[in-house]
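Go by the hints and put chain B onto chain A.
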Amino acid sequence: MISRNLFCRLQKEDIKRRPWPVVLVFLLFFLALPVSCAMTIENQAGNELYDAEYLAQMLTNAVGVGNVAIILISILGAVIFGLSGFFYLHSRKKVDLYHSMPVRREVQYAVIYVNGLGCYVVSYLINLLLCFLLLQMNGFMDSGIFMGALASIAINVVFYSLIYTITINAVMLTGNIIVSCLGTAVFLAYGPLLVFVRAIYFGEYFATYYGGDIDTAIFNTLSPVGIYLVTGFRASSVKESEIIWMLIKVSAVTVALIACSVFLYKKRPSEAAGSAMAFDFVKPIIKFMLVVPLSLGGGILFQYVSGSRALEWNIFGTVFTMIIIYAVIEMIYNFDIRSAFRNKIQFAACAAVIAAVVMVFRFDFIKYDSYLPGKDSVESMSISFEGMDENLSYVTDVDEQGLAYSRVLTNRYDYEIEGMELTDFTTVYELAELGAARAEKISADHRRNGAFYSNASGSSEQERQYRYYVKFKLKSGREIYRVYSVPADEAEAMVSNLYENAEYKESHYSVYRYKTEDINAVYCRNANIGNEITVNRGGIEKLLELYREELKGLTWDERTAENPVAVLNIESKTSNEEYFIYPGFEQTIAFITEQGLDLDQTAWEEEVKELKVVYTKPFFGESGNAATESDESLEKSVTYTDKEQIREILGSIFSTGYYWCNDSMLNVDPDLTVWTGSEFSSEYGYNEEGISFYMNQDKIPGFVLEDIGYKE
Amino acid sequence: MIEAMGVSKKFGGIAAVDNVTAEIVDGNVFGLVGTNGAGKSTFLRMLCGVLKPDAGAVKIDGMEVFENVRVKEQFFYISDDQYFFNNATPEDMKSYYQIMYPDFDGERFVKLLKQFDLDQKRKIHTFSKGMKKQVSVICGICAHTKYLFCDETFDGLDPVMRQAVKSIFVKEIAEREMTPVIASHNLRELEDICDHVGLLHKGGMLLQKDLFDMKLGIHKIQCVFQNEESVEEIFSGIELLKVDKRASLYTITAKGRYEEIMGRLDKVKTIFVEVLPLTLEEIFISETEVVGYDIKKLIL
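Residue numbers (UniProt numbering), protein chains in the order written: chain A, 1 to 712; chain B, 1 to 300.
So here's chain A without its partners, still in its complex pose (with noise of 0.2 Å):
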């Protein structure tokens, strides 16, 4: 048993031998800490729009969770200590001297490991000191200030204790200072290697892939600062129990890691300093896992960069890239270009891994795209369109002073299908057999061509595609994700079908989650010309009341054919949505316009005085070139003036945010709009132009479409 004074004998002597990293991270948290908390009250307290609050909260910013100072202080710190401490070990000389010493090798480490651990925390705790006695000086220390800096130091000590085993664990496999640093790296980023090829082979060879949030949940957990980073930022604004047990979870791994690290300490070959790696069983294992997935990423990147996107290419790029790396993996184990391609066998079974990778892919071997899980295996459904209601903003991150500048904007797709859990799930499980169905034969297209499959519709420009995303949670807890991409007349009367659905609608929509004593505001505004009120706040549960009911009655065809009269704007504690008020919804129309706000469309079109209809005519010349602005031929418009002519029009028309936010849902062709004129732009502050609208191509007047020679 070794004394606590040998022990901290060899502690002081170890940092004499290495006081760089210990000054160097002292030096960064002096400046991430009290420089920059002393800089932020300076700078607060000279403005003249001072507000407290706001300093307060950078100021917690600033010594709590989510600092990205700290984080990278730590990710720097846990390398350079990681690697200094174990550098020895690639030195005959040092190696000689330190393994001849009567110490246990697990002192030896104990010693170095407490001193990187040690060395970090105490720089990081005397600089928070310096950086909470600045604060008490200055009077902004208060207990949530402190509180943040506990979780801070909390979640830091345990990823900085995370990467700096890992990176102790690189240099315990390799031997020789230029492998450790690129071992290190290998494992911190390995991770997202991977799912970078993998999410580029899925999205290149199969229509149906969907990464969403699989792929950000393998970079979590594969990349050790790809979860630190993900942790430390959304800290403030997931619950404390969640991130505890995160912290458990990332000590076990660390746990077991510092056991790993200690075995190979003891394990390693003195023998092996100055060699490239310290155990020859670890370098074809090394070797191969670098070798597959680089080189796939290499033929995906050269298939990229050639244009032509050829199959040619990419086989081209496999091979090309294999032999590079695997060359130079060979000529670093080795340190002799000579040995470039040793171990043939190894680099033939390299090869064949790849060309078998590269053949499931490209043959669909394991039937990716018409894959369904049967039916009667899946528990429930998700479903989210693209160009449907992307109004909707699904913001779910913001710190509990709901200060707009921490909100985070989620992936709508992502949340929704997340979110949604239809258990009546036929019409999409049809929609999914659509899409699995098409999906399959367009594929089997591209591959009788011998090309690729890029995601593509594999539709003609002009036909209308529904595309959506679809998950299946099945009942035995495994989740598959696909996106389907469907001409829109094939799916119209399962989409519609599917509106109809209760409970679909109550998960698509937001607006029936909403508790009243959530929402901050809510603000209702013309559609069409822009008017806004703000509901009072004894209104808000009735009028929302009203609008859910209406909601739920709206029907596909409603939507897709009447333009909304309305927008609501509702503003909560964790989102800022709108919702569209069809012409329809008419005890809700009602009840706005009791709070103010005129809704009648017919005064305002009477307003209208005329109406220019603009048909920009999709031109290509010979050259394949878009026409220029030069040529007359390419755009035509007619102004009619006609009072009936213009209500006729006006019947017509999506205004420009509807189409926007819906264009998929809706059979617009953008290249037919429709202007108010002048008079408009100045009355309401529109642009010179005036209000512009789309039409309905179900609806287009018949005079407009001769007039205009629409698509002659």
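By construction, these hints were calculated from the structure, which means they are not laboratory data. It cannot be assumed that every hint is accurate.
[As the list claims (entries may be wrong)] If you want the footprint, here are the derived chain B segments under chain A, 3+ residues with CB under 8 Å:
hint, stretch
1, 47 to 58
2, 85 to 99
[Stated by the list, open to error] A short list of chain B residues far from chain A (calculated; beta carbon distances all over 12 Å):
hint, residue
3, Met1
4, Lys9
5, Val65
6, Asp81
7, Asp105
8, Thr126
9, Gly156
10, Lys171
11, Ile173
12, Asn186
13, Glu191
14, Ile221
15, Asn227
16, Met262
All values reported here derive from a predicted model rather than from experimental measurement. From the three backbone atoms N, C-alpha and C, an ideal C-beta is built for every residue, glycine too.
Here is chain B on its own, set in the frame of chain A:
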């Protein structure tokens, strides 16, 4: 006592040490000689537990060396290129070794540094190669360990310093039965200090003998005969290792009992007879020829 039993070590398929068995008795000075690449350093690194033998066992005082702190406390290893910490002074090294070796004699360290005219506050990286060797020897002596493993320690020392170091070794051996194990490629460096020698060649131990025992069987005689005599006839039946004649002066190296060799000379008339001390090289010539090697090809 140090025992190496059938010790082997390979590096990447090449046998650096191959089935070596050796025994080093306490209180002796053991010289390990061999050409470059003979396996001396590898053998020493196994003796001090830096390397783990692939086969066989290394024991010191009956205990396995590898990863055994109790054994490691018993020796100090001076490698052929001793590592000193970056920017370290002799004083820094002293404080480090004082932690590692509880019996480290700090006062003696300072005293020896003065004797060798080395500044204890000067950075070691500014020292010459010989001065660094001196520092490492002083560290080894002051560690006060039972065994001292020296790898090419005399290489780089000037003759005066070499003699000074040897005299320190002799003093230590006399005072506290220190057992130095000295590896060298140069026989002449060892001949006046070793009393037990092992010859390594291509990873194997060609021979290992007590120098005194070896000397007993080989004799070097210088003589002048009164009349012209045939040396071969005089010493018929006795193995003559070397016969050198300069004018009438013969220098004869013969293998056999001292009494018999001198008895043969008594039978002929001589003007002058003198027994000369044998060099280690001469002893080795004899011994290696027995096992079929030509010593001149093996070592200097």
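A quick look at each hint next to the structure:
Counting residues of the stretch 47 to 58 of chain B whose beta carbon lies closer than 8 Å to any beta carbon of chain A gives 5, which meets the minimum of three for the stated coverage. For the stretch 85 to 99 of chain B, the proposed coverage by chain A is satisfied: 6 residues have a C-beta within less than 8 Å of a C-beta in that chain, meeting the threshold of three. A cut-off of 12 Å between C-beta atoms confirms that Met1/B is not in contact with chain A; the least separation is 19 Å. With a least CB separation of 8 Å from chain A, Lys9/B falls inside the 12 Å interface cut-off, contrary to its annotation.
The beta carbon of Val65/B sits about 10 Å from the closest Cβ of chain A, which is not more than 12 Å, so the claim that it is off the interface is violated. At the 12 Å boundary, the C-beta of Asp81/B falls inside the reach of chain A, the nearest C-beta of that chain being 6 Å off. Listed as a non-interface residue, Asp105/B keeps its Cβ farther than 12 Å from every Cβ of chain A; the least gap is roughly 17 Å. Non-interface status of Thr126/B relative to chain A is upheld: no Cβ of that chain comes within 12 Å, the nearest being about 18 Å off.
Listed as outside the interface, Gly156/B is consistent with that label: its C-beta sits roughly 15 Å from the nearest C-beta of chain A, beyond the 12 Å cut-off. Consistency note on Lys171/B: stated as away from chain A, and its beta-carbon is indeed over 12 Å from all of that chain's, at 24 Å minimum. A cut-off of 12 Å between C-beta atoms confirms that Ile173/B is not in contact with chain A; the least separation is 21 Å. Distance check for Asn186/B against chain A: the nearest CB is about 21 Å away, which clears 12 Å, and the non-interface claim stands.
Every CB of chain A is more than 12 Å from the CB of Glu191/B (nearest about 27 Å), matching its label as outside the interface. Taking the minimum C-beta to C-beta distance to chain A, about 46 Å, the non-interface status of Ile221/B holds against the 12 Å cut. Remark: the non-interface label on Asn227/B is consistent with the geometry, its nearest Cβ contact in chain A lying 62 Å away (cut-off 12 Å). Annotated as non-interface, Met262/B keeps its C-beta farther than 12 Å from every C-beta of chain A; the closest such distance is 49 Å.
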